[in-house]
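Taken in order, these protein sequences are the chains called A and B.
With my numbering as the guide, the letters of the first sequence map in order to residues 1 to 443.
With my numbering as the guide, the letters of the second sequence map in order to residues 1001 to 1537.
No wet-lab data here; the hints were simulated from the structure.
The structure displayed is predicted, hence computed values, not measured ones.
Using N, Cα and C, we set each Cβ at its ideal position, and we do this for glycine too.
Some hints here could point you the wrong way.
Every beta carbon over 10 Å from chain A, so not counted as near; a handful from chain B, in silico [what the hints assert, rightly or not]:
1. Arg-1003
2. Ser-1171
3. Ala-1183
4. Glu-1430
Within a straight-line C-alpha distance of at most 25 Å, the following computed PhoX-like cross-link-like pairs (lysine-lysine) qualify [said to hold, decoys possible]:
5. Lys-1340/B <-> Lys-336/A
6. Lys-32/A <-> Lys-191/A
7. Lys-1180/B <-> Lys-1089/B
8. Lys-1147/B <-> Lys-272/A
9. Lys-32/A <-> Lys-86/A
10. Lys-1319/B <-> Lys-296/A
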Amino acid sequence: QTPSSVPQFCNSPTVIVMVGLPARGKTYISKKLTRYLNWIGVPTKTFNVGQYRRQAVQIYENFEFFKPDNEEAMKIRKACAAAALKDVAAYFSKEKGQVAVFDATNTTRERRAVILSFAKEKGYKVFFVESICDDPDIIAENIKQVKFGSPDYVDRDTDEALQDFSQRIECYKASYVPIDDEKDRKLSYIKIFNVGSRYLVNRVQDHIQSRIVYYLMNIHVTPRSIYLSRHGESELNLLGRIGGDSGLSPRGQTYAKALAAFIRGQNIKELKVWTSHMKRTIQTAEALGVPYEQWKALNEIDAGVCEELTYEEIQENFPEEFALRDQDKYRYRYPKGESYEDLVHRLEPVIMELERQENVLVVCHQAVMRCLLAYFLDKPADELPYLRCPLHTVLKLTPVAYGCKVEPCCLNIEAVNTHREKPTNVDVDRKPEEALQTAPDHI
Amino acid sequence: MPRELTQSRIQKIWMPGKEDKPRRAVSGPHLANPPTVIVMVGLPARGKTYMSKKLTRYLNWIGMPTKVFNVGEYRREAVKNYSSYDFFKPDNESAVKIRQQCALAALRDVRSYLTDEGGQVAVFDATNTTRERREMILDFGSKNGFKIFFIESVCDDLDVIASNIMEVKVSCPDYQDCNKTDAMLDFQKRIECYKASYQPLEPDHYDRDLSFIKVIDVGRQFLANRIQDHIQSKIVYYLMNIHVQPRVIYLCRHGESTDNLQGRLGGDAGLSPRGKKFAAALARFVEEQKLKDLKVFTSQLCRSIQTAEDLGVPYEQWKALNEIDAGVCEEMTYDEVKEKFPEEFDLRDQDKYYYRYPAGESYQDLVQRVEPVIMELERQENVLVICHQAVMRCLLAYFLDKSADEMPYLKCPLHTVLKLTPVAYGCKVESIYLNVEAVNTHRDRPEEVKRGPGTLLRRNSVTPLTSPDSNIKKPRIDDLDEPPIQELPSSAAPAPLGLCSPSHLPLALTGQHWLGKVCLRTIFHYLAVVSLVLQRT
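Go ahead and model the full structure; you've got the sequences and the hints to work with.
Rendered as structure tokens:
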């Protein structure tokens, strides 16, 4: 078992069980939570019973499928839930998963009892996440955002879909028994009321459940945008040197002014601006003429002994290290420096605060921006270090439906390229030319 | 025209303009804007003061100036002799008046702390069990632009309540002349006085628009309503992670390393022969302690891991526990630093807490880095942390409520285990030297150093402070006809700033200090409970 830069959070596997009527945000929460846990290094997977049902019953007719007295449909639905649980078990035992999110309505005590006994038998912990909402506006908005586009309604018009879906919800309402604070006092759960205006948390058992609760209590659904940008081109960028703490080059200064104009043009309400503690991001933010806050956690990855070297110099002085980095760029830690894995751990409070905030512009660095982007776009560890984050380009991220819309805005100011793809040969005994095959040009 | 940036000499922070006014900039953003008043709610013996003090200690440590205002203390000042629970009877009109005035006096001091003394969070520690009282506080908050956050503790478990009373009530100044049984009986009658008029927070109806957290049955269940901002979110997270199970935390450094022998800072060297002896001695010590389920945390540096290896138990490596990064000074001796970077050497002595090594870290950075470890230590039960000098000082400052000023000079010698046991409102410390010789790596605060930009409290300062002592020197409330709070003149004497004078007492207990009528019996009672921290070198 390779030691990681973060302590192991889970001993027994944990099943997170969503509970709630349709259109209460269960799948939204499931996907977001899964994305967050994977990003912080806890292997997590969602099991959506609706998808199993769509596999089993190829064509969705109408809400009658969900009527409580539809015996045949009931059989199918039970079988789907059982199949999903079987896959959960396989995920834990064969795929080294640590958390499984069981995304279904789970609105009856009976169904929840089935899950609890399954978990008990296998030695899994269970944590319930119940979403309770009776605000008709929120529910209508949910339906609009994610239901009309679902495979079930792809051939219907929106009015028809809305009608059918509303009746679907009614089918569940009669038999819905929420988690009971008295009868279920021994269970571990969080109840979320009206998209976070209130939370009830019962019996948090361990570290991972505590982190999950903290995360759920910090996310919100208010529309907003997050702008990610690197600092303007720096003096060291021009020389092809990594790290350091240099100032902006003339083109970098031009970018800072262009960024200011761009931001003004976006007409953003109450924009927060964050930078790192490094000169180049602060100089960039200075041009905006608005208050900004400095986070040390946003500093560029520490290249340790390789700070301020060019790739050619790294190849010359540390050829083995250079090759090892290409073999596993995510986990590789520079001697006396950091790895991308360390960066993710360091950035976690930034992500948590980004979740709390509304409109934010983050002026940071290449490796840092890759980590943040991987979180928002759900990119796995092996892709993260190779995400394209060129200088002088702003990425505008807007949450939509279950994910994030990305709009790259290149501000048309020339800059060097700092992106280095993985070379073909990553062996430690490769030739220098092979190592430098993908190194970008510089002065 | 973009403004020129200069890097501050001590903190190495880039700021526009010249460094004429040193700014106590933070390693992270300023995350509490309007000041916040945390209002405790609950019957007596529900852990309100326990939570108030612990929360205050945590917030101060992360750099949020916080102070507790305990209305009971104001009452003890106003009514010098507590006779019996009759004082708390709802029909005791003169007592009711006094209690009201005490609450107002405390709120007056809250306002002063938050408006004039640079405080950011005030914890108003009283029962606050009626809607009427809470309305008054909400009113006070809205008139002064303060956010109000309630923390209600609800508990009906009789064992827990009895245990609380024994732990902190029977020995409090009110009962200094009673025996334990009488004290217990009187206190329970006191609780009854409050019960009749107790109106708990109602999230579904009356109080649905308020921001609060209800802590139920010592943390089995939490109800959080309308969390407004970052600091409230952190407070909720903290409260959800703390517990009251008895347990012990052991802090020690790695065994002596080969770099230690040469007087070198930082680096990643292995253990010296004596260091290895310490690792073996530590293993024996841990076995002798006969602990249930000990967790072991180390850093990711070789010397810390080597020390843990001897224990023969699983351990977890935390990069966050790595020693402070000395940047360009890594692996130098102090003499070499003095020679190569004489200015840096001086700057560090001027302000050791804020001083950041070039391309390295400061103690202030360390606190941020180590905070997740503290959160995990709160969650855990028995833990042994094998770390490093600066890191250990940070952790110790958290547990013993030491200020930023003191933190970099706390004594954490090699080959010595500090055993921390939570007790009453604080932490008992025992220092255990494992009898393996080692070099001394401690550098005292130099006498001749001209104090740098000082530890003055600034509005947006994030100087970790010792939780300030309560301001006992208040005018005594003899006249019950004092006008209500809106017409009171600003307070006569501002509360003392949270500078921590060096403790001349070897006690490490962070309990209340009782001035005025010193209760010797109470102090001796606490002395009996606390071991003295001795250095056996």
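How the hints compare with the structure:
1. Arg-1003: violated (6 Å)
2. Ser-1171: holds (33 Å)
3. Ala-1183: holds (33 Å)
4. Glu-1430: holds (27 Å)
5. Lys-1340/B <-> Lys-336/A: holds (21 Å)
6. Lys-32/A <-> Lys-191/A: Status holds; Cα separation ~17 Å.
7. Lys-1180/B <-> Lys-1089/B: holds (22 Å)
8. Lys-1147/B <-> Lys-272/A: The given pair, whose Cα atoms are some 21 Å apart, holds under the 25 Å limit.
9. Lys-32/A <-> Lys-86/A: Holds - the C-alpha atoms of Lys-86/A and Lys-32/A are around 23 Å apart, at most 25 Å.
10. Lys-1319/B <-> Lys-296/A: holds (16 Å)
Violated hints amount to a single one, hint 1; each of the other numbered hints is respected by the structure.
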